[in-house]
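This is what each chain is made of:
There are 4 protein chains.
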Amino acid sequence: MFQLDLKSRKSIYEQVVDNMKELIISGVLKPEDKLPSVRELSKTLTVNPNTVQKAYRALENQGYLYTVAGLGTFAACPDTNIRDERLINVIRDRIRSDLKELFYLGMSQEEVSALLKELLTERGGWK
Amino acid sequence: MFQLDLKSRKSIYEQVVDNMKELIISGVLKPEDKLPSVRELSKTLTVNPNTVQKAYRALENQGYLYTVAGLGTFAACPDTNIRDERLINVIRDRIRSDLKELFYLGMSQEEVSALLKELLTERGGWK
Amino acid sequence: MFQLDLKSRKSIYEQVVDNMKELIISGVLKPEDKLPSVRELSKTLTVNPNTVQKAYRALENQGYLYTVAGLGTFAACPDTNIRDERLINVIRDRIRSDLKELFYLGMSQEEVSALLKELLTERGGWK
Amino acid sequence: MFQLDLKSRKSIYEQVVDNMKELIISGVLKPEDKLPSVRELSKTLTVNPNTVQKAYRALENQGYLYTVAGLGTFAACPDTNIRDERLINVIRDRIRSDLKELFYLGMSQEEVSALLKELLTERGGWK
DNA sequence: GTGGTCTAGACCACT
DNA sequence: GTGGTCTAGACCACA
Numbered sequence: 000m001f002q003l004d005l006k007s008r009k010s011i012y013e014q015v016v017d018n019m020k021e022l023i024i025s026g027v028l029k030p031e032d033k034l035p036s037v038r039e040l041s042k043t044l045t046v047n048p049n050t051v052q053k054a055y056r057a058l059e060n061q062g063y064l065y066t067v068a069g070l071g072t073f074a075a076c077p078d079t080n081i082r083d084e085r086l087i088n089v090i091r092d093r094i095r096s097d098l099k100e101l102f103y104l105g106m107s108q109e110e111v112s113a114l115l116k117e118l119l120t121e122r123g124g125w126k
Numbered sequence: 000m001f002q003l004d005l006k007s008r009k010s011i012y013e014q015v016v017d018n019m020k021e022l023i024i025s026g027v028l029k030p031e032d033k034l035p036s037v038r039e040l041s042k043t044l045t046v047n048p049n050t051v052q053k054a055y056r057a058l059e060n061q062g063y064l065y066t067v068a069g070l071g072t073f074a075a076c077p078d079t080n081i082r083d084e085r086l087i088n089v090i091r092d093r094i095r096s097d098l099k100e101l102f103y104l105g106m107s108q109e110e111v112s113a114l115l116k117e118l119l120t121e122r123g124g125w126k
Numbered sequence: 000m001f002q003l004d005l006k007s008r009k010s011i012y013e014q015v016v017d018n019m020k021e022l023i024i025s026g027v028l029k030p031e032d033k034l035p036s037v038r039e040l041s042k043t044l045t046v047n048p049n050t051v052q053k054a055y056r057a058l059e060n061q062g063y064l065y066t067v068a069g070l071g072t073f074a075a076c077p078d079t080n081i082r083d084e085r086l087i088n089v090i091r092d093r094i095r096s097d098l099k100e101l102f103y104l105g106m107s108q109e110e111v112s113a114l115l116k117e118l119l120t121e122r123g124g125w126k
Numbered sequence: 000m001f002q003l004d005l006k007s008r009k010s011i012y013e014q015v016v017d018n019m020k021e022l023i024i025s026g027v028l029k030p031e032d033k034l035p036s037v038r039e040l041s042k043t044l045t046v047n048p049n050t051v052q053k054a055y056r057a058l059e060n061q062g063y064l065y066t067v068a069g070l071g072t073f074a075a076c077p078d079t080n081i082r083d084e085r086l087i088n089v090i091r092d093r094i095r096s097d098l099k100e101l102f103y104l105g106m107s108q109e110e111v112s113a114l115l116k117e118l119l120t121e122r123g124g125w126k
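Residue numbers (numbering that gives the first Met the number 0), protein chains in the order written: chain Z, 0 to 126; chain P, 0 to 126; chain V, 0 to 126; chain L, 0 to 126.
Simulated from the structure, these hints should not be mistaken for lab results.
Incorrect hints may have been included.
[As the list claims (entries may be wrong)] Derived DSS-like pairs: lysine-lysine, alpha-carbon spacing no greater than 25 Å straight-line:
1. Z:42 - Z:53
2. V:9 - P:53
3. P:53 - V:116
4. P:42 - Z:9
5. Z:9 - V:9
6. Z:9 - V:33
7. V:42 - V:53
8. P:53 - Z:9
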């Protein structure tokens with residue numbers, strides 16, 4: 000499913016959150032898809048079940064998955080009607096900051112623009 | 000200069016790093032500008048001097064400032080000749096991930112594209 | 000493991016860095032080997048844990064070890080594919096300077112040459 | 000004569016020591032040559048005279064120069080009869096350590112050997 | 001005055 | 001148990 004990097008500075012719990020979120024966001028896990036159970040995933044990754052448990056709980060709080068007792072855990076379907084404007088603004092700020100840094104690192108307006116276009120056209124591959 | 004958010008999950012030293020980096024990247028602190036001294040900033044923020052020093056040290060390792068013992072700490076001038084391609088790739092990945100999340104949150108290709116254009120045209124204000 | 004020299008002009012943390020680096024470089028600590036924990040080493044050396052941690056952090060930044068929170072600190076395996084040419088040049092300059100000093104101290108070209116050969120043949124013992 | 004690097008981690012005093020030592024060791028300043036006076040050099044480098052004073056004193060203690068009150072400061076002639084074996088051993092250890100690091104960085108025995116030969120043949124230029 | 005180092009002891013998150 | 005962070009307060013070298 001995905002690999003952990005023990006040498007990373009990120010905690011294991013955080014890596015599980017980020018990787019799982021990535022799978023859901025990018026559409027590899029489609030809405031209503033069943034996720035591996037806590038025990039199963041903890042075996043696969045050879046980490047403590049508590050760690051996976053905690054990661055799933057965090058993702059549930061953020062709305063990326065939901066749990067049905069006795070059945071399992073499933074990818075949530077994003078409610079396209081209720082766009083979380085607050086979260087969008089957070090992301091916008093993050094991108095703004097990243098763009099500034101690209102300029103600081105010496106990239107020109109044109110280069111940054113090209114980079115963004117490239118990222119946008121990649122999109123076909125995600126959907 | 001900037002505010003700390005004690006309620007944040009980010010550690011204090013990390014907030015200092017991020018805020019100071021922002022000031023340097025965005026050009027508020029220009030190359031060779033003197034930064035507040037460790038003691039001074041620690042008083043302003045009412046945190047321990049060691050915490051500020053740790054942040055300054057981290058920024059120095061990342062090349063955003065340099066230190067002259069006995070004189071103070073100064074904003075570095077980015078070496079525009081040596082573009083850190085590794086770092087640029089890290090940022091590219093971060094943006095890619097953010098774009099995916101925007102789509103997941105229900106934004107259309109056109110909306111995302113518009114958002115990026117807006118961010119790019121803001122640039123006049125930073126330079 | 001190693002001894003500190005409190006009378007030395009080198010700071011304690013620097014001595015820890017140098018000694019530990021020596022152990023890693025010379026292969027006494029092999030890649031993936033666990034290093035003594037921060038607390039353990041601080042007890043052995045009767046210094047403050049913070050001092051040891053600072054040393055470990057420095058070594059991590061330089062790529063000689065890596066850290067897994069909750070598990071411990073481990074010797075890194077040098078990435079033989081990516082030779083750090085910059086660092087190699089630094090070392091070359093240091094050796095050049097040392098050779099000059101040997102000549103200044105009255106050694107002849109032959110003596111210096113012999114000394115180097117001797118050092119090179121020692122190598123069997125390190126590997 | 001030489002340049003200071005204010006951005007360096009080395010203290011100014013240390014840089015003066017190292018640079019001056021380099022000039023003497025490499026033969027640019029020959030035995031009995033007069034060195035710039037403390038005042039003169041401090042003006043040239045635009046640093047505090049105390050800093051230069053301290054550097055000269057350190058170099059005198061290490062035997063690289065001597066001072067004649069009222070006349071000035073002069074490069075010492077190394078006493079070739081009394082080779083400082085202790086110092087030679089220190090340098091040998093430093094080189095040994097550097098060689099280990101080169102191997103650690105992925106250089107082969109042949110490459111290191113070639114590097115040393117190259118440094119040795121450079122010697123014509125120093126003498 | 002500046003930054004650099006160190007101590008003693010505390011609390012937290014993660015495994 | 002591990003490392004990560006933070007505080008309060010001390011001393012040093014350098015400019």
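Residue 42 of chain Z and residue 53 of chain Z: Cα distance at most 25 Å? holds (15 Å)
Is the hinted pair residue 53 of chain P and residue 9 of chain Z satisfied, with a Cα-Cα distance of at most 25 Å? Given pair residue 53 of chain P, residue 9 of chain Z holds - Cα atoms ~19 Å apart, limit 25 Å.
With a cut-off of 25 Å on the C-alpha distance, tell me whether residue 9 of chain V and residue 53 of chain P pass. holds (20 Å)
(message) Does residue 53 of chain V sit within 25 Å of residue 42 of chain V, going by the straight-line distance between their CA atoms?
(response) Between residue 42 of chain V and residue 53 of chain V the Cα gap is close to 15 Å, so the pair holds against 25 Å.
Take the C-alpha atoms of residue 53 of chain P and residue 116 of chain V, compute the straight-line distance between them, and say whether it is at most 25 Å. violated (44 Å)
| message | Please verify whether residue 9 of chain Z and residue 9 of chain V have alpha carbons no more than 25 Å apart. | response | violated (33 Å)
* Asked: Are the Cα positions of residue 42 of chain P and residue 9 of chain Z separated by 25 Å at most?
  -> violated (31 Å)
Tell me if the straight-line CA distance from residue 9 of chain Z to residue 33 of chain V falls inside 25 Å.
holds (19 Å)
In the structure shown, a violation is registered for the earlier hints numbered 3, 4 and 5, in ascending order.
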